[in-house]
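Enquirer: Let the sequences and hints guide you as you build the complete structure.
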Amino acid sequence: MNERIKELLKQSELQAYYDAQDGQIEKFAELIVRECARILFDESEKLIELSSTEANPKLAEAYESCHYQCIDDIAIIETHFGVEE
2 MNERIKELLK QSELQAYYDA QDGQIEKFAE LIVRECARIL FDESEKLIEL SSTEANPKLA
62 EAYESCHYQC IDDIAIIETH FGVEE
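According to our numbering, the stretch in the sequence shown is residues 2 to 86, in order.
Bear in mind the hints are in silico, worked out from the structure with no lab data behind them.
Check the hints yourself; a few may be wrong.
What the hints assert, rightly or not - The calculated lysine-lysine pairs, modelled on DSS-like cross-linking and capped at a C-alpha distance of 27 Å, are:
hint, residue 1, residue 2
1, K47, K59
2, K28, K11
3, K7, K28
Expert: Here it is in structure tokens:
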């Protein structure tokens with residue numbers, strides 16, 4: 002299990018429950034991380050769409066930049082929580 006997830010389990014006082022559940026809490030935590038990453042990805046797709054339709058070049062560039070930042074953030078989140086693609 003990822004160290005960050007272990008730390009959060011201890012903070013939530015669920016560690017004993019986790020030990021008895023054969024990894025189910027870890028799977029649940031992974032699903033939450035994946036869902037958050039999916040939401041961020043969906044937002045990044047909206048930003049790239051805005052970028053492609055925006056008439057103002059500065060706004061288009063800003064939307065595109067935000068899109069790429071979202072993609073980078075997804076990788077950071079997945080790495081931080083030890084969730085592989």
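Enquirer: Kindly indicate which numbered hints from before are broken by the structure, ordering the numbers from low to high.
Expert: When the structure is compared with the hints, none of them turns out to be violated.
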